[in-house]
Amino acid sequence: MNKVVHDVQEAIQGIENGMTIMFGGFGLCGIPENCIAALVRAGVRDLTCISNNAGVDDFGLGLLLKNKQIKKMISSYVGENDEFERQMLSGELEVDLIPQGSLAERCRAGGAGIPAFFTPAGYGTEVAHGKEVRIFNGKPHILESSLTADFAIVKAWKGDHFGNLIYKGTARNFNPMMAMAGKITIAEVEILVEPGDLDPNFIHTPGIFVQRIFQGEKYEKRIEQRTIRKR
Amino acid sequence: MNKVVHDVQEAIQGIENGMTIMFGGFGLCGIPENCIAALVRAGVRDLTCISNNAGVDDFGLGLLLKNKQIKKMISSYVGENDEFERQMLSGELEVDLIPQGSLAERCRAGGAGIPAFFTPAGYGTEVAHGKEVRIFNGKPHILESSLTADFAIVKAWKGDHFGNLIYKGTARNFNPMMAMAGKITIAEVEILVEPGDLDPNFIHTPGIFVQRIFQGEKYEKRIEQRTIRKR
Amino acid sequence: MLDKIGIAKRIAQELRDGWYVNLGIGIPTLVANYVPAGMKVEFQSENGILGMGAFPWEGEEDADMINAGKQTVTLKKGAALFDSANSFAMIRGQHIQLTVLGAMEVSEKGDIANWKIPGKMVKGMGGAMDLVASAENIIVAMMHVNKAGESKLLKECTLPLTGTRCVKKIVTELAVLEIVEGGFRLLERAPGISVEHIDKCTEGNLIIAGEIPEMKI
Amino acid sequence: MLDKIGIAKRIAQELRDGWYVNLGIGIPTLVANYVPAGMKVEFQSENGILGMGAFPWEGEEDADMINAGKQTVTLKKGAALFDSANSFAMIRGQHIQLTVLGAMEVSEKGDIANWKIPGKMVKGMGGAMDLVASAENIIVAMMHVNKAGESKLLKECTLPLTGTRCVKKIVTELAVLEIVEGGFRLLERAPGISVEHIDKCTEGNLIIAGEIPEMKI
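Respectively, the protein sequence lines represent chains H, V, L and W.
To convert, take the position in the first sequence, counting from 1, and add 45; that gives the numbering used here.
To convert, take the position in the second sequence, counting from 1, and add 45; that gives the numbering used here.
To convert, take the position in the third sequence, counting from 1, and add 15; that gives the numbering used here.
To convert, take the position in the fourth sequence, counting from 1, and add 15; that gives the numbering used here.
Just so you know, these hints were derived from the structure itself, not from any lab.
Don't take every hint at face value.
[Claimed, not checked] Derived lysine-lysine pairs resembling PhoX-like cross-links, with alpha carbons at most 20 Å apart:
no. : chain 1 : residue 1 : chain 2 : residue 2
1   : W       : 138       : V       : 117
2   : W       : 138       : H       : 48
3   : H       : 203       : H       : 213
4   : L       : 184       : H       : 116
5   : H       : 48        : W       : 92
[As the list claims (entries may be wrong)] Have a look at the derived ranges for each label pair, beta carbon to beta carbon:
no. : chain 1 : residue 1 : chain 2 : residue 2 : range
6   : V       : 86        : W       : 164       : 49 to 57 Å
7   : H       : 184       : W       : 73        : 19 to 27 Å
8   : V       : 87        : H       : 184       : 28 to 36 Å
9   : H       : 59        : L       : 55        : 47 to 55 Å
10  : W       : 173       : V       : 185       : 20 to 28 Å
11  : V       : 86        : W       : 73        : 30 to 38 Å
12  : W       : 49        : H       : 59        : 28 to 36 Å
13  : L       : 55        : V       : 113       : 38 to 46 Å
14  : H       : 270       : L       : 31        : 26 to 34 Å
[Unchecked claim] Where chain W lies over chain V, by a calculated footprint (3+ residues, C-beta under 8 Å):
no. : segment
15  : 49-60
16  : 73-83
17  : 116-130
18  : 149-155
19  : 216-222
20  : 235-244
The beta carbon of each residue, even a glycine, is placed where N, CA and C say it ideally should be.
Looking at chain H on its own, in the form it has when it is part of the complex:
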């Protein structure tokens, strides 16, 4: 069950032009920095990326966007990225915007073998176009389908050789459900430990969902909005 790969290069092996890839993270928090950098270097193109956000102009998925490696984005919020807005409005980039809760649940469903579910989110909006509507308890719901990906790339705080993962703080966000939904799931971690070093009772992502794991070389962990109280 040893899933440790040697480095980020080995981790992203097999990611090819035109594939669909999920990326964990919320804003710049909990994103797989090392894998994103390696994908920029590798130059794979025409990617469909499923990620809550699209990074900022010069960090996170913004790096792949700037490099024109992304054909289509599936996200819930992309407000922090001017290049994104430019590519979208000019038609260079296909965009599928979906409610954040539906995005999270669609990924979880993809990993959990649930092909579709009903949610009230988006009823009566353009998100509902072409989707089945059904009333439950007097309230209209729309049918949403599951999402899966050729690769899911997630970032955790600690992970062990078997792929068991623990996230830290709000860097958990979309990582657990995307880890579930990848045909191949790559986990990059800040700290790689031996099996047995993590308490089985407090594992966020059981190793069964992870196929490859490695410790990232370094993490910038850029802060998007540094808000503080002055002493």
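Given the coordinates of chain H, work out where chains V, L and W should sit on it, guided by the hints.
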């Protein structure tokens, strides 16, 4: 946000004849022993109980069964209880048997505002009777609806005053999703602690799902199948 | 006329002891600063926090601890962290008692638009569509009129909708209004603002019944 | 003819390095004892364990650590615990490479019945319906004939089904068989068992192609 109630009597206040109640636990592992005992004493009748199992003849939900307080059981497996089988075959007890994974997911869906979802489990069996069938990816699935309850009663290892819960070992099982699905959720815990004593990063059930919490007086924690290796 | 802080203060009066509350970006975020004394309210941030606290002291910012607005925050005692699927289980499952969010337009039926201006701006809906579709109690915090002086309280929204028939109350710099059958029912006037002025600034049907009291902030 | 341990040993030969495996109650549970040397296999128990280990040493039983058969167990190094919803997410989401379970009947189309005898016995399906509906690789461990001497490998199941067209292989005390288009394809004979005997004990269509080797245990 203090949800601490004085004792088990206060905890079960408002549970009335004819109500639907969810009980966490798998077999006798992780069951709310103190609340079950209190319900036996209170003598409420005609209950619909949602629980993976029905206890054994003289422990767990078996106590409510023996006392004829249960009108209907919604479960996945009831093999350890002779009185159950007797009441069911004689028609005294209504029984709705559903696949274990569907039971877990239907409770989670009830708590998560998802009124229905498609699952492959049970297709082509009597479980699918009267349910919509739809093909996804070439495979037939059935539409299952969510479950909720007037009260959900769960048992945790540790809990704090805000209702944040941590389970231990395999005593987690159905407790987290049932905690989500109760209109009122009662948590009984082995150890009640102050807010701040539990690591926010390792809470299994966030307090938002819990309305009442108390420390149980004692726990028998009976073992159903004591299997060991001889030294 | 209220400023942003005034709007936040007025909305804070709607809080009740023991509530879990989700605050959107902008004015709604300010509401957290005006919780009435002695009242216990917990704030949920949809990126995975229950029990969100204040901004961190300078030098204690943690990149792994942000709110839904991507701002660095702290946790209160008794907080809990979770993933996005569980976060929206709380929201969709109606475990949150109050949602406060901003809007570009609200219609007299309670429709809301706040995520897209076709051809001009598309930031995405984030969690707003889940929140408005699920929350039982939704208060909109916004300006009564836009920069061009046009009313944002309309008969029908003109922008792509975020949700339909969901808004319960609106607090603006001019008034507190409630969505009822037939339109916006005027509940309170901002200090020094006349009913006539509010009427003029409201394109949708304004229902004025009886004496309209001035807000107490 | 194999005994229960023989069946478990033969099934253990189907394991592959790196697989996650769910074992049902009864003979399937025994398979864990015969994992080929050097092979890494992790066992999942649907009540919430990945990396299930051996029974505990006497005196170390923990009521909070049981398997799906309600037996006290231990964890292996690197194990993970989780709730029932996540457990069945693993199962339904096809993250488990092999499921081994018992059966009362199997049909030549791969249907399986193992949870109910109308009017007589109803234990419930437990997790079996989820497992058989989802698993890509299902091996049934069972006796070829019942106590009355009647075949359990049938043209059509007579008992209420657990799942349809899902069984891939069957290992009995007499044979290893594979479900193919048209029936049960005989792959191997148990030591000392003739093809004729297997044929006699199989009510469903038995496909015998070429020489049928004897099992190597």
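Check each numbered hint against the structure and report the violated ones by number, ascending. 2, 4, 7, 15 and 20
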